[in-house]
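Chemist: Here's the letter readout for the chains.
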Amino acid sequence: MAAPLGTGTRTEEPGQEKQDAQEKEIAHPERAEEAKLKAKYPNLGQKPGGSDFLMKRLQKGQKYFDSGDYNMAKAKMKNKQLPSAGPDKNLVTGDHIPTPQDLPQRKSSLVTSKLAG
Amino acid sequence: MAGVAGGGGNGNDFQWCFSQVKGAIDEDVAEADIISTVEFNYSGDLLATGDKGGRVVIFQREQENKSRPLSRGEYNVYSTFQSHEPEFDYLKSLEIEEKINKIRWLPQQNAAHFLLSTNDKTIKLWKISERDKRAEGYNLKDEDGRLRDPFRITALRVPILKPMDLMVEASPRRIFANAHTYHINSISVNSDHETYLSADDLRINLWHLEITDRSFNIVDIKPANMEELTEVITAAEFHPHHCNVFVYSSSKGTIRLCDMRSSALCDRHSKFFEEPEDPSSRSFFSEIISSISDVKFSHSGRYMMTRDYLSVKVWDLNMENRPVETYQVHEYLRSKLCSLYENDCIFDKFECCWNGSDSAIMTGSYNNFFRMFDRNTRRDITLEASRESSKPRAILKPRKVCTGGKRKKDEISVDSLDFNKKILHTAWHPMENIIAVAATNNLYIFQDKIN
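Here the protein sequences come in this chain order: A and B. Here the UniProt record's numbering is used: position 117 in the first sequence is 117, and no number is missing along the way. Here the UniProt record's numbering is used: position 45 in the second sequence is 45, and no number is missing along the way.
Looking at chain A on its own, in the form it has when it is part of the complex:
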């Protein structure tokens, strides 16, 4: 890397910094990945393994909540300006308005497994 004129003693620094960063990445690849993630999602919660993530796991499968949520979601959709996702973005309730067409077919599989074919 050619040193620009007049920057005498500082010519080593940019290269050195890059090398340091690379060393850090090798020593702590997780930290480098974490930095990448934080750069993409600055609002990511401080407690990664904390309540948000666990609550999402506990609530797996819950799509529809109650009529209150239903009406709130309807009101939200009427309003052209959708509000930005709040801290409970992970909990998907109320945004989904169930209609008979939307509900997935809950018939059990009458077809024999292809493993047995």
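No lab work stands behind these hints, which were simulated from the structure alone. Heads up, some of the hints might be wrong.
To give an idea of the interface, some chain B residues facing chain A are shown, with a C-beta separation under 8 Å as derived from the structure [as the list claims (entries may be wrong)]:
#1 23
#2 24
#3 55
#4 57
#5 251
#6 286
#7 441
C-beta atoms are modelled at their ideal positions from N, C-alpha and C, and glycine is treated no differently.
Chain A is fixed; fit chain B onto it per the hints.
Modeler: Chain B only, in chain A's frame:
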């Protein structure tokens, strides 16, 4: 090339060969066909699979044929049935998936076979029995089943048993329902052959196989205030010999061993297994990748194995402060955690298993790769379950993932791995070197090379 084996002393010159593959070849995989659990029974003669569509398929090993000495007991379909159906809990507005989370066989006590299968909420005990005889010559019924007028019968005869084509019937004998608020992740049959446990995210229940209207809660980690929730139960298993001992693992990478003799509610553990963490390497991902997705006791009962996102660890039950062995499954993924978090792969739950002699362990990875570790030689091997290497008795070639710059021929680079092809479920025959590997909707069976 030498591989990794189990059993015997021939660990060095061991090779795995393709034996069979089950399932459709089409590119479009229906969600229902995705295999969600694989389990050999105690003798290894039966191999059960469960899928997302709630169906169970049981394969039976054929008797070895003397006229075809090279054909070592193939597995063919024995029985298939719909175990669970999709349900909707109207009270909680909750869809209950029919996906079979786990199947566990009961030890065989008579001619019939029994297994437990569970979805998120309900466990069922299934009886699989054979019928190869049919009674003929009833007095009150015609041969085609029509009832005869009893007043017209002038002579009596004794019905005789005639052979018929083998029919395998599966019937649900017990339904263990309504005991879990959260999603069931494990079931484990006790060594007493009378009880079993079922574990969900926050609670573990103890059941008697004969009693369906009652179960005992033996572990409850639900905090009084859900805001304080810090960890969930991820897997649980009974000790293979001590009917009072069981373990459960958590999303924080810890394992608790409990003794049911000490108290009715085992909230206080007898042993607590946790590997100390290097605080300088802690990151956003640390807790997530330390979450244990599977825990399995060794057959000997002296060790247990845990699987977290990047590694498999073997623990000596007598040592709580660190594992005795750690095997890296796919360390190269550590520098890909950001994308793996974004595509949710970081939450994939891989299982692990021991071979019959506890000398080797196996677990799955991505790109339809699976890994085996020989505990004695410390050798490891990466193999692939693919249709390309599926000629009968074709020897599987070891695979290698290249992490650095220069990719050698036959190596695959980390960025080319297909993260949709995950091998989450594998099973090892209890006595022989036969393994079953579930690759999405296909079941591969591999055997050791016959010399």
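Chemist: Go through the hint on residue 23 (chain B) and say holds or violated, using the shortest Cβ distance to chain A against 8 Å.
Modeler: holds, 5 Å
Chemist: Under 8 Å, Cβ to Cβ, is where residue 441 (chain B) needs to be relative to chain A, so tell me if that hint holds or is violated.
Modeler: With Cβ-Cβ at 7 Å, under 8 Å, it holds.
Chemist: Hold the hint about residue 286 (chain B) up to the distance rule: shortest CB distance to chain A must be less than 8 Å.
Modeler: Constraint on residue 286 (chain B) satisfied, holds at 7 Å.
Chemist: Once the shortest beta carbon distance from residue 55 (chain B) to chain A is found, is it less than 8 Å?
Modeler: holds, 5 Å
Chemist: Minimum Cβ distance from residue 57 (chain B) to chain A below 8 Å?
Modeler: holds, 4 Å
Chemist: Return the status of the interface hint for residue 24 (chain B): holds when the least beta-carbon distance to chain A is below 8 Å, violated otherwise.
Modeler: holds, 4 Å
Chemist: Per the CB criterion, is residue 251 (chain B) less than 8 Å away from chain A?
Modeler: Because about 7 Å separates residue 251 (chain B) from the closest Cβ in chain A, which is inside the 8 Å limit, the hint holds.
In summary, this structure violates none of the numbered hints.
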